[in-house]
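Colleague: Input sequences plus hints: build the corresponding full structure.
In order, the protein sequence lines correspond to chains A and B. Throughout the first sequence, residue numbering follows the numbering used here, covering 1 to 110 in sequence. Throughout the second sequence, residue numbering follows the numbering used here, covering 1001 to 1114 in sequence.
Keep in mind that the hints were calculated from the coordinates and are not lab data. Remember, predicted model here, so these are calculated numbers, not experimental data. Careful, some of the hints might be misleading.
Stated by the list, open to error - Chain A is faced by these chain B residues, among others (derived, beta-carbon under 8 Å):
id	residue
1	Tyr1048
2	Glu1059
3	Gly1102
4	Gly1106
What the hints assert, rightly or not - Have a look at the derived ranges for each label pair, beta carbon to beta carbon:
id	chain 1	residue 1	chain 2	residue 2	range
5	B	Val1050	A	Glu1	21 to 27 Å
6	B	Pro1008	A	Glu1	30 to 36 Å
7	B	Thr1015	A	Glu81	37 to 43 Å
8	A	Gly41	B	Gly1016	24 to 30 Å
9	A	Lys107	B	Thr1005	28 to 34 Å
10	A	Gly41	B	Asp1062	24 to 30 Å
Where is the CB? At the ideal position from N, CA and C, for every residue including glycine.
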Amino acid sequence: EDQVTQSPEALRLQEGESSSLNCSYTVSGLRGLFWYRQDPGKGPEFLFTLYSAGEEKEKERLKATLTKKESFLHITAPKPEDSATYLCAVYTGGGNKLTFGTGTQLKVEL
Amino acid sequence: NAGVTQTPKFRVLKTGQSMTLLCAQDMNHEYMYWYRQDPGMGLRLIHYSVGEGTTAKGEVPDGYNVSRLKKQNFLLGLESAAPSQTSVYFCASSVSGQGAYGYTFGSGTRLTVV
Chain A
1 EDQVTQSPEA LRLQEGESSS LNCSYTVSGL RGLFWYRQDP GKGPEFLFTL
51 YSAGEEKEKE RLKATLTKKE SFLHITAPKP EDSATYLCAV YTGGGNKLTF
101 GTGTQLKVEL
Chain B
1001 NAGVTQTPKF RVLKTGQSMT LLCAQDMNHE YMYWYRQDPG MGLRLIHYSV
1051 GEGTTAKGEV PDGYNVSRLK KQNFLLGLES AAPSQTSVYF CASSVSGQGA
1101 YGYTFGSGTR LTVV
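Modeller: Right under this line is the structure:
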């Protein structure tokens, strides 16, 4: 059974304080790893897809990386508007479904 | 520029009542999904569809039924609601089943069963 574990559950940062969120996975045959952002009361918003170990994707202050066992979402010099829950998900081809982690709730304070 | 629209946004049901959640997308996506989100459990797939007229069971299908009579609409039905179905329900759509271009999610329906 595919498993996705995200850590930490919650993270509080000061504005400008860079950090990383972790997504570790146990799957049989990874075909894609996804990062989503979810704001309170809204649906998840797609950020990145990563396919193979060593791949990196960037978007503004966010950078996602992938190894054979985990993915990191690096946040550089975060701003309060980066506060949200960040979700990681994996796709292995079975059942046409993504398996989601429980998310990391990020709060960036002034 | 609507994307995925879910109705209603909030609903309170009594145990045993039935209801239908409607999802509509205007992006001509083939794939559509219904997920539920519960605290500490992440998003879990209920049912999905790979095209008009098709449906398939996901991870937690019991107590739910779905229909996709038109490509743009995906309906989720609860025939006899139970308190365990209290949750936030999200509909999503995608161009391909692999989700390579990401899923587009609706804003959710918060359902409470009392």
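Colleague: Confirm or reject each hint.
Modeller: Results of checking the hints against the structure:
Taken as an interface hint, Tyr1048 (chain B) checks out: its beta carbon lies about 6 Å from the nearest beta carbon of chain A, inside 8 Å. With a least beta-carbon distance of about 7 Å to chain A, the hint placing Glu1059 (chain B) at the interface is held under the 8 Å criterion. With a least beta-carbon distance of about 3 Å to chain A, the hint placing Gly1102 (chain B) at the interface is held under the 8 Å criterion. With 8 Å as the threshold, the beta carbon of Gly1106 (chain B) comes within range of chain A, its nearest partner Cβ sitting at about 5 Å, so the hint holds.
The hinted window of 21 to 27 Å between Val1050 (chain B) and Glu1 (chain A) holds, with their beta carbons roughly 22 Å apart. The hinted window of 30 to 36 Å between Pro1008 (chain B) and Glu1 (chain A) holds, with their beta carbons roughly 34 Å apart. A hinted range of 37 to 43 Å for the beta carbons of Thr1015 (chain B) and Glu81 (chain A) is consistent with their spacing of about 41 Å. Separation of Gly41 (chain A) from Gly1016 (chain B) is about 28 Å and conforms to the stated range, judged on CB atoms against 24 to 30 Å.
With their beta carbons about 29 Å apart, Lys107 (chain A) and Thr1005 (chain B) fall inside the hinted range of 28 to 34 Å. For Gly41 (chain A) and Asp1062 (chain B), the hinted distance range of 24 to 30 Å is satisfied, since their beta carbons lie about 27 Å from each other.
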